[in-house]
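**Q** Combine the two chains into a complex, taking the hints into account.
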Amino acid sequence: MSASILYIEDDREIGEWVSEFLKEKGYSVTWLTSGERAVEEADNCAVVILDVMLPGLDGFTVGQRIKKACPVLPILMLSARTSIDDKLQGLEFADDYLTKPFHPDELAARVEVLLRRSAAHVEEAVEIEHLRIYVKENRIVNMDSGEDIVLTGKQYHIFMYLLQHRGRVMTKEQIYEAVWNESYIEGDKTLMVHIRYLREKLERDPAAPAIIETVRGLGYRVRA
Amino acid sequence: MKWRKTKGRFRNSLTSRYLLLIMAAMMFMPIVMPLASVFYWFVNDTFSRTVYVPTAKYTSGEPLVKMWHAEAAKLGGASAEHIGQRLGELREEYPELSILWVDARNEVRVELPEQPDIPDTWSAEYTVQFMKTAVGNDPFTVVAFIGGDEGSGQGFMVMRIPRQYISVQQPFASETTIYAAFMAGLSLLFILVSWLFFVGIRRRLIRLRKAMTSPHSETGIPQPVQLTKRDEIGQLEEGYNDMVQQLKIGLRRQREEEELRKALIANLSHDLRTPLTVIRSHIFSIGKEQLSEKGQESLALMESKIGDLGELIDNLLSYNLLTSGRIELKLSPVDILRLVRESAAAWYPVWEKSGIEPDIDLEGEPVVWDVDELWFRRIVDNLFQNVVRHAKAGGYIGIRMAGREDGERMLVISDRGPGMNADSEHKGTGIGLAIVEHLAREMGLDYEIVSSAAGSAVRVWRKSNPLLTNAASDDTSL
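Protein sequence lines, in the order shown, are assigned to chains A and B.
Start counting the first sequence at 1; every next residue gets the next number (full-length UniProt numbering).
Start counting the second sequence at 1; every next residue gets the next number (full-length UniProt numbering).
Simulated from the structure, these hints should not be mistaken for laboratory data.
Don't take every hint at face value.
Unchecked claim - Quick look at which bits of chain A chain B covers, simulated, 3 or more residues with Cβ under 8 Å:
#1 8 to 16
#2 35 to 49
#3 94 to 105
The beta-carbon is built from N, C-alpha and C at its ideal position, and this holds for glycine as well.
One chain only, chain B, in its complex shape (with noise of 0.2 Å):
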């Protein structure tokens, strides 16, 4: 068992494959070169057959050197005819010698093939200048005298036979270029192996970033991968899958928080509108019955209280959602000034019952921002909904666009109420605003209060910059 995991182990490791790699590596020189050797010994022997005839005759000069002395020995007491006739047999069995015979008086007798640089007479001085020539060149040359070596005084005779003929199969000195060839051959199919090798590794390495870096595009978790081999890179691909999966699991948990927490704030929303509904509707009943006029008045501001409640628990709520991170924005280009145009028209029987003067002033090209068009009127809704509590004395609400010096354009909501540093019994929490100032930064808009006593000024106009200082103020806010 243990040996087979090893085994397992061993053949699904990248390093073994990288060692196996490496040996083959360091065995080149010694292992090949003799390859090498037989290679070309083999290229020789199959190709070459046709120009070299190398019989069994030849294969050495020994032979052949017996086999001349034993002709000579066996030529003693001879005729010349009869020489002549054997020489010329020989040369029929041994068609790549150059046979001569020179008799006792020194004359050439027979002369196999013709051989243009032998003189018909041998002086002494030619025969001594041959011999020392013929001594280990080429040709091979063997000269035997007829009837052995005591001599018949019938001269003698010489063979000669090129060394290439009868010399050992020398492939270490000979034909490089074959052998360069084929050593070059080894080291590219070397080079190729490893190459793909790394191409191997390479390709599978970039999958797996590609699968990192193309997130799903609902879920924004990277996708898991096929897993491929069991190797170091498979490991990691496994690990890959793993984290993704325990991505998956985060998010799951993560959206089970959030629906947790919706569903607790629907529900403590639910839990505390319902006894107000309940006392509303009981103050409407009291309300109907025969009261004096301060009973009356008391009803009255209960009546408003309540209100202000009811809209306090939704601020609140919203706020806790919104800061909670769980909203979601979803920019888009809108038009700003048709967006606040419906806003306000929805606003206006609420400004004329409270005596407010609207003075709206949003005519003109189309002012396009990228703002979530439902928080975008929350910001709108809650800037009149402060008009209307705190400075519905101003009898005043203005509504209209301006210019700001670096050229955007910028939404004005004014009033002429005691502003808002004033003592004012609906003073609230200000909860109202902090929702204009989440929304607002999420949205990449800023805006400024102006207030003094003869009013206040709301602006809101859209960051040069958005993503810059949206980074800045996450900064601060850590």
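Bound-form chain A, shown alone (with noise of 0.2 Å):
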């Protein structure tokens, strides 16, 4: 799979071997220099790696411009900034946030995860452990015995938040409030039974689940 980038960055130095390290990577890499032809570029991209700190428009213009042209394009800030006044700012269009120097494998990586979020109805399946998920048909297949798993609404919603987020821990509000809408009551049970049920149809032993985690304390997680 060779997903194209677009990449600004206005050093040369860290411009060339990253294109370069990206491209090792089995990425295409479209590298400019500045922020100028950064939204006609977009339109050919699956994922943006954006500094903040450009010549002429800054890294925030052309990042609120690009979300405009393509909202479901992701984009990835790169800061040399301290985290003060870019995370207040650079989070809104932003899909996620790496600060310089950043250790490049930490870059492939969140890149890799960019990408799967937004190639997630381009991409053909998914798989985890004995599941093969087809995310655009909306349909779980149980590679052990062939069938395909039925899940209700809310509790496909719940996989998919899970799956979207793959290897983060998610609390249960935030579970909660992005599959129901509404906030979170302490001492609401209703999270924990669906999931309950959930394992119960995707799990191969509920009791030891092994594709939604608990992390006890905190909330669930689907390890990447």
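**A** Given below as structure tokens:
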């Protein structure tokens, strides 16, 4: 799979190195040294890596323009600033955020996550343990038996939310609010009950879940 | 020009208006009293005419006396009928007069109109008594011998008229109620004018005070006022507007400085981090080369130091910005449990990778504190970061809520590391904790660190009265 990445970075040394690095990882990279033509180039890309400090148009402006033109295109912000005002302005449109000096592997991992998240509707299927999930078709197949697993709307919603944030621990509030669209009330057992039923359908052994992991005291996670 | 200016100054001065009032007050007695008399006279003149008939004939007693003596002289030697007729005519001419004719034999021959107090025959005693009482009394009485002073043996004629018909008008002496009412009215008018003068000043001063005490919601600067008059208060308003303008300029300059400082820090940060990024990427490249074990170790060390350096830059610049007072914390009620849970969720993979076992107990009712969400996260992040950096050896992080003696709840982050006082190759400058301390103080939180060789615990709780303690800490910082 050769996803194309739009990379906007004004520093030549970093830019050259990172484009080279990403190409080695198997992506096709378009590297711009300023934000001027970013919006046109963004059309053909699967993910944007955007540096905050740019000559001319600054990274925030460029990011906002790209987000306006292509709302679903994920943007990863690279920052050399202090985290103070960046965090305030930047994360409104950016899907993820990485502070310089970043570790190249970290960058590659973040790009991977973003691609997976956005490409979910492009990707044919995701495989976790014994499950194959056809995201586009809302279909989950148990590869052990070859049968389809039928989930209720909420169960599917919860599973998809965790899948989208694969590798990250999501708190009960975050899941509840994303799925039910209302604020979580402490002590509400609804989510727990849904997770239990969901596990009964998905897991080989619901007593020792391998797909939806409970993180004690925090929430749930689908391992990357 | 100068004259006009002074004239303008005079008109546009509260002092002059005040002086005018005082002058009015001073002139009150000498001017207003005669004025009151004139008014009184005018009122009498206008409204009392119907009751009172001051014809020209009676304006004084003098012509009446002359007329009476002249008539008496003319009647000398006339017949009794003629005298009676003439007196009748006179009575018609002067209807207010009472007329008597007493003849030589002391008998009353003519009595116009009938006067019951007059006897028909005048004895000598009565005559003398009559004359005695008549002098200077009311009614005004004139006695004339018929036929002149020598007399013609025809007796005398008496004319009487109430003095009010002939007396000269004496306004001072009478009808004091109208006079008093007029004086009172003028006094009231004077009081009213003074009061209005004062109320006008007061209203303008209050308007100015209102403008001063109702600052703009965004800038916090009071609003300028509309100028009223060009007097002293007008100048005060003008001065106040100037002051507001100065404040605005000051605020703008402060904002500019703030922006400049932020830009400077941002650029500094950029300039420091860019080479670090380049170094890091090249370390990564070298790492892929064939290297001895020692070489790999060195690279790993460089790698971790670059990470530390990046963090140090971030903390240093954050601390600089924070302590410059340029960052405004936006305090709002936030559920601390939720915030810490979300933060811990983000740190979870790091702990896993570092072999730290998290022990998290943040269940229960929401704990709502007034904090700036972003900066509270920063506190928690710094504390978590410290555990990862200094207490990795303990392989444990505990995050829980506990109660204090005063009933407040507190957040406790504990580890089983070697403790704060232990020598550590990772020992930092402590700037991470300095940021925690600064932020905690700004948000009305208190914190303490309990550290021993068995591990450390950081406790964060809400101060019982953040306002008071804030003021106290401000004092000590001065």
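**Q** So which hints don't hold here, by number, going up?
**A** Violated hint: only 2; rest satisfied.
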